[in-house]
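Engineer: One letter stands for each residue in the lines below.
Number of protein chains: 2
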Amino acid sequence: MRWLKFTASGVTSWGLVENDEVVAIDGDPLGEWQRTSRTYPLGDVKVELPLIPRTFYCVGLNYLKHLKEAADKRGEIPAVPDRPEIGYRAQNALIAHDEDVVIPSFATDKIHYEGELVVVIGKKVKHLTEANAMDCVFGYTIGNDVSERSWQKADRSLWRSKNADTFKPMGPWIETEADLDKMETIVRVNGTETNRFVTGDMIFGVVPFLVELTKYFTLWPGDVIWMGTDGASPDIKHGDVVEIEITGIGKLRNRFVREGQ
Amino acid sequence: MRWLKFTASGVTSWGLVENDEVVAIDGDPLGEWQRTSRTYPLGDVKVELPLIPRTFYCVGLNYLKHLKEAADKRGEIPAVPDRPEIGYRAQNALIAHDEDVVIPSFATDKIHYEGELVVVIGKKVKHLTEANAMDCVFGYTIGNDVSERSWQKADRSLWRSKNADTFKPMGPWIETEADLDKMETIVRVNGTETNRFVTGDMIFGVVPFLVELTKYFTLWPGDVIWMGTDGASPDIKHGDVVEIEITGIGKLRNRFVREGQ
Chain D
1 MRWLKFTASG VTSWGLVEND EVVAIDGDPL GEWQRTSRTY PLGDVKVELP LIPRTFYCVG
61 LNYLKHLKEA ADKRGEIPAV PDRPEIGYRA QNALIAHDED VVIPSFATDK IHYEGELVVV
121 IGKKVKHLTE ANAMDCVFGY TIGNDVSERS WQKADRSLWR SKNADTFKPM GPWIETEADL
181 DKMETIVRVN GTETNRFVTG DMIFGVVPFL VELTKYFTLW PGDVIWMGTD GASPDIKHGD
241 VVEIEITGIG KLRNRFVREG Q
Chain Y
1 MRWLKFTASG VTSWGLVEND EVVAIDGDPL GEWQRTSRTY PLGDVKVELP LIPRTFYCVG
61 LNYLKHLKEA ADKRGEIPAV PDRPEIGYRA QNALIAHDED VVIPSFATDK IHYEGELVVV
121 IGKKVKHLTE ANAMDCVFGY TIGNDVSERS WQKADRSLWR SKNADTFKPM GPWIETEADL
181 DKMETIVRVN GTETNRFVTG DMIFGVVPFL VELTKYFTLW PGDVIWMGTD GASPDIKHGD
241 VVEIEITGIG KLRNRFVREG Q
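Protein chains in written order, with full-length UniProt numbering: chain D, 1 to 261; chain Y, 1 to 261.
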């Protein structure tokens, strides 16, 4: 199933995407719900942010090419993580599919995308095992971990570089049937392909992360885990449109605009 | 006003603490509300977590003694921050006043408290100025930024050390009338004073943080900013009770228990 949060006729609700139509749902996919008789052409609705997570987890370095790229820039030898470690992003930065990423006027030109698989948690769980870890996964969506690299270098943490308002597009919907082993991530800037990688080629996959995190943390319904990215991004300029496709899920597309231009 | 989230007779709601009584409120202090005729003795109600913030901000190093203590341990010269920088904590870790901090069975003995002033945001704001910054502050509460120091040393970020379940007690209530210039923070372990500092003796105060954060971030009602701590903590053991008092606000008290003991 493909769960879309959307607005039509002034009402925001959940819906199921079926072919090119949205069937409105009463209730919440993470709780009780039922189909209604209201349907809308997919192209006519405003796509909303699927959810605001209670806790917003994000893996920093989880693909070898991205790791090497980052280390090369620092003139260092890449240190491959020897265990799953997590970081966080901030809820203020989230925007929906088709909403604009607004680059602050005082940011440098070093604005980069990072296309990421997003795991959406569906159950309250702790102490997961390899055998039962995937039971808590409700579905998948797509994230763009937009970064301002000069701030990333200058700051003690990732506060400005990763969490400025609008720097975390997520969507367009949550797909419950996608097969992690078959996904490919493709990034296009203004329609031209700039990155392509096998989504599952992670240093640590979804299951090891779920097992490790839940040794310490309770995961709650609606929590999200952004799984990291591979490769590198060109500098994204005012007016560029970045589209992140993950096969089997969909396409997350956002225009980048510079404040005051 | 002193806003308490509480449970009595099986119902959770907001209330106003007046002397030793709680007056139940219909609605939400950050929105519409009105007093009811229901009152309860303060000692008889279950104190709940005041709120789960949308974004959970936390200042790392904001007091000179704490900074020096941390640098000394690393054999380094303390580097005093030259501008306000923020970090994040995770919502999963929050617990209420009087709930137990549960130390995982596999944690070391290096369990420390950090008594912190918590700023609770009441309005959706961006681009604050020195002149209007305080208008967005709804009130203050108290936080205990519990830390496992061996994990803090070992990890790439603060994920386990600061955010294990139950490591973020916050409460007991939100005080709207407290005067930042008159506060003193006092920590007691099993009733014996172990720290005392002037709460406002921050390297960067509340106003500079609000101005700097809102250059990049929209603050939302219910967001919290934990303002950092001074001094150092002894190792906290199974059964210890840590009480953090901030004068003019109240006392946040939690027992520490080690899992499996």
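I should point out that these hints are in silico values taken from the structure, not numbers from a laboratory.
Keep in mind that a hint or two might mislead.
Same chains, same names: a pair is fine if it fits in one copy or spans any two.
[Claimed, not checked] In the DSS-like style, the derived pairs of lysine-lysine whose C-alpha atoms are separated by at most 27 Å in a straight line are:
#, residue 1, residue 2
1, LYS153, LYS123
2, LYS73, LYS237
3, LYS126, LYS65
4, LYS153, LYS110
5, LYS251, LYS126
6, LYS123, LYS110
7, LYS182, LYS73
8, LYS237, LYS123
9, LYS126, LYS215
10, LYS126, LYS237
11, LYS153, LYS46
Quantities reported herein were computed from a predicted structural model and do not represent experimental measurements.
Engineer: Each hint: holds or not?
Structural biologist: Structure-based check of each hint:
1. In this homomeric assembly, LYS153 and LYS123 never come within 27 Å of each other (Cα to Cα): the closest approach is 37 Å inside a single copy and 31 Å across copies.
2. Proximity of LYS73 and LYS237 under a CA criterion of 27 Å is satisfied intra-copy only: 21 Å inside one chain copy versus 44 Å between copies.
3. Proximity of LYS126 to LYS65 under the C-alpha cut-off of 27 Å is found in neither arrangement, the shortest distances being 32 Å within a copy and 37 Å between copies.
4. In this homomeric assembly, LYS153 and LYS110 come within 27 Å of each other (Cα to Cα) only inside a single copy, at 11 Å, whereas the closest approach across copies is 31 Å.
5. For the homomeric pair LYS251 and LYS126, neither the shortest alpha-carbon distance inside one copy (31 Å) nor that between copies (30 Å) is at most 27 Å.
6. Taking the closest pair of Cα atoms, LYS123 and LYS110 never come within 27 Å of each other, the shortest separation being 38 Å inside a single copy and 32 Å across copies.
7. Neither within a single protomer nor between protomers do LYS182 and LYS73 lie at most 27 Å apart by alpha-carbon distance, with minima of 31 Å and 48 Å respectively.
8. Proximity of LYS237 to LYS123 under the C-alpha cut-off of 27 Å is found in neither arrangement, the shortest distances being 39 Å within a copy and 32 Å between copies.
9. Only within a single protomer do LYS126 and LYS215 lie at most 27 Å apart by alpha-carbon distance; the minimum there is 7 Å, versus 37 Å between protomers.
10. Within a single copy, LYS126 and LYS237 get their C-alpha atoms only as close as 42 Å, which misses the 27 Å cut-off; across copies the closest is 24 Å, which meets it.
11. For the identical chains of this complex, LYS153 and LYS46 are neighbours neither inside a copy (36 Å) nor across copies (46 Å), given an alpha-carbon limit of 27 Å.
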